[in-house]
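Colleague: Under our numbering, the first residue of the sequence shown is numbered 1, with each subsequent residue one higher.
None of these hints come from the bench; they were simulated from the model. Every value quoted in this text rests on a predicted model; they were computed, and no experiment measured them. Some hints here could point you the wrong way.
[Said to hold, decoys possible] Lysine-lysine pairs mimicking DSSO-like chemistry, simulated, CA-CA at most 27 Å apart:
#1 K357 with K430
#2 K440 with K364
#3 K541 with K498
#4 K371 with K321
#5 K321 with K357
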Amino acid sequence: KGLSVSAAVAFNSWYIGYSNKLKTYARYPVSNAGTADDIEYTYGQKQGDDTSLEGDESMSNQWRNMIFTGSLDYKRTFGRHRVEANAQYTYESRNVGPEQPYLHIGGGARISYAYDKRYLLDLSAGYQGSERFPVGKQYGFFPAAAIGWVVSNEGFLKNNRVLPYLKLRASYGLTGNDEMGNTDRFMYVDSYAQVAGGYPFGVGNNVIYGPGLTLLGNSNFTWEKERKFNVGIEANILNMFDVSVDYFHNRRYDILAAPDRDIPVFIGANLPMLNLGRTKNQGFELSLRYSGQAGKNISYFAEFTSWLSKNEITYKSESVKVYDYQYTTGRPIFQPYVLIADGFYTQEEIDDPNVLKPSWSEVKAGDIKYKDMNNDGVIDDNDSYPMGYTSTPEFSAGLNLGATIYGFDISLFFHGVAGRTVYLESNYYKAFQGNGSVSKVALGRWTPETAETATYPRLTANVSDQNNFRSSTFWQKNGDFLRLRNVEVGYTFKNLLKNRKSDLRVFISGNNLFTLDYVKDLDPELMSGYPAVATYSVGAKIQF
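Could you put the whole structure together from the sequences, leaning on the hints where they help?
Modeller: Set out below in structure tokens:
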């Protein structure tokens with residue numbers, strides 16, 4: 001009793017082929033003589049022949065995927081005890097053209113227990129196998145556990161009108177990842193290729209080339225893993241406010257990284273990526289919802305969701321740096337390193353030998369000036385400094401508002417992010433670069449007359465400009481924004497037909513209606529390609 005079994009098989013196949021047909025014709029070269037008003041054309045000797053339409057078929061690619069899943073489920077209640085259990089097995093095969101098939105085999109089990117709807121326990125474990133790893137490291141064991149306490153079901157809080165629901169919960173688990181890119185799919189295998197060197201051989205001393213070791217294999221290549229911890233609280237207050245707060249702390253390790261510090265370069269071979277990297281990510285998630293009603297014909301709600309997340313590289317096998325600020329360990333993942341812009345050069349500064357000039361190119365008045373961050377008297381790439389946030393926001397929030405009033409309804413959804421830096425790297429901002437033109441941002445260009453108010457460096461047609469378009473704070477911008485994602489207004493006509501439920505709702509809606517941001521010329525969310533389009537629609541929905 002309470003036991004069930006299920007199984008499923010899915011199979012997909014794709015094939016792409018091409019049929020090429022070719023037919024040629026005889027050709028006659030034409031020459032002309034005479035004047036523009038009296039031209040004589042002469043046909044030359046025939047070239048080629050007419051042929052019949054012939055061709056062949058060729059295969060471009062073929063995919064064949066197969067997945068099998070089987071599961072065993074058990075659910076029973078014994079008095080105050082509630083038990084649920086699940087065991088499953090998965091086999092997945094993906095064939096992509098002539099490549100070696102991608103295989104995943106795994107199983108898992110989960111047991112959930114609840115006592116008197118108050119104390120909750122959840123135990124799970126997965127045993128997953130991937131063909132990417134060497135023998136002995138293909139399988140990974142990933143357990144997890146979660147506990148919960150529904151405090152509102154305790155005698156001292158039961159039927160409490162102020163706090164009708166309160167739950168405390170915590171979880172801890174280990175996850176694994178084998179999708180780490182397909183550049184070196186089987187990284188445990190040594191790579192060989194024809195090398196440039198060779199030996200003279202035979203008559204004529206012709207150089208004979210041979211294979212050589214181009215990349216050492218990583219015999220310890222294994223799963224990327226992450227330990228996840230979460231603690232949270234759920235509550236309802238006065239049957240009007242729903243609150244959910246979570247704190248999470250995740251530590252990822254065995255991340256593929258170049259072993260620049262751990263293995264010396266004089267080993268004499270190109271080194272593979274090793275499972276050396278470590279990162280951490282921690283933050284909060286918050287969800288608030290308020291709903292209420294005034295009589296039978298008026299209801300309203302407000303819902304706010306947000307998260308705050310900060311990540312950090314805790315270990316990266318970095319080569320020795322000249323300056324401490326050049327290390328990425330201890331900083332956010334993808335921390336920007338840029339030169340610090342310090343205005344524009346004036347002609348007096350160009351003529352002054354005591355004013356530092358960059359080492360990479362000659363500069364002129366109106367070019368961007370950079371700070372010497374290490375005070376070594378030289379402006380070079382060693383002055384690139386960690387500045388700004390990454391392009392991934394540290395904070396994101398959404399606000400959903402809605403109300404229904406005597407048949408009318410309205411809803412609004414706002415979305416915003418903060419703690420984000422974007423980089424103005426498209427040719428829209430870089431005049432004449434990439435064989436492009438010039439946009440309106442160059443209206444603020446530097447000239448001797450606008451030197452005090454210029455917002456853009458001097459214009460130059462030099463497409464190999466090595467100074468002004470280097471990565472610097474000049475091209476960084478605050479990427480925070482607030483966007484009205486959606487507004488919808490409608491009215492519902494009820495019971496249009498007698499003796500049966502029949503409602504008609506008409507509505508008008510708009511998406512991406514406005515955005516508040518610091519990037520005025522591009523979509524701050526996408527920063528490239530087509531921006532988010534504002535759309536308007538009118539519709540009707542009939543229910544019988």
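Colleague: For every hint, state whether the structure bears it out.
Modeller: Here's how the hints hold up against the structure:
no.: 1; hint: K357 with K430; verdict: holds, 22 Å
no.: 2; hint: K440 with K364; verdict: holds, 23 Å
no.: 3; hint: K541 with K498; verdict: holds, 18 Å
no.: 4; hint: K371 with K321; verdict: holds, 20 Å
no.: 5; hint: K321 with K357; verdict: holds, 23 Å
In this structure, none of the earlier numbered hints is contradicted; all agree with it.
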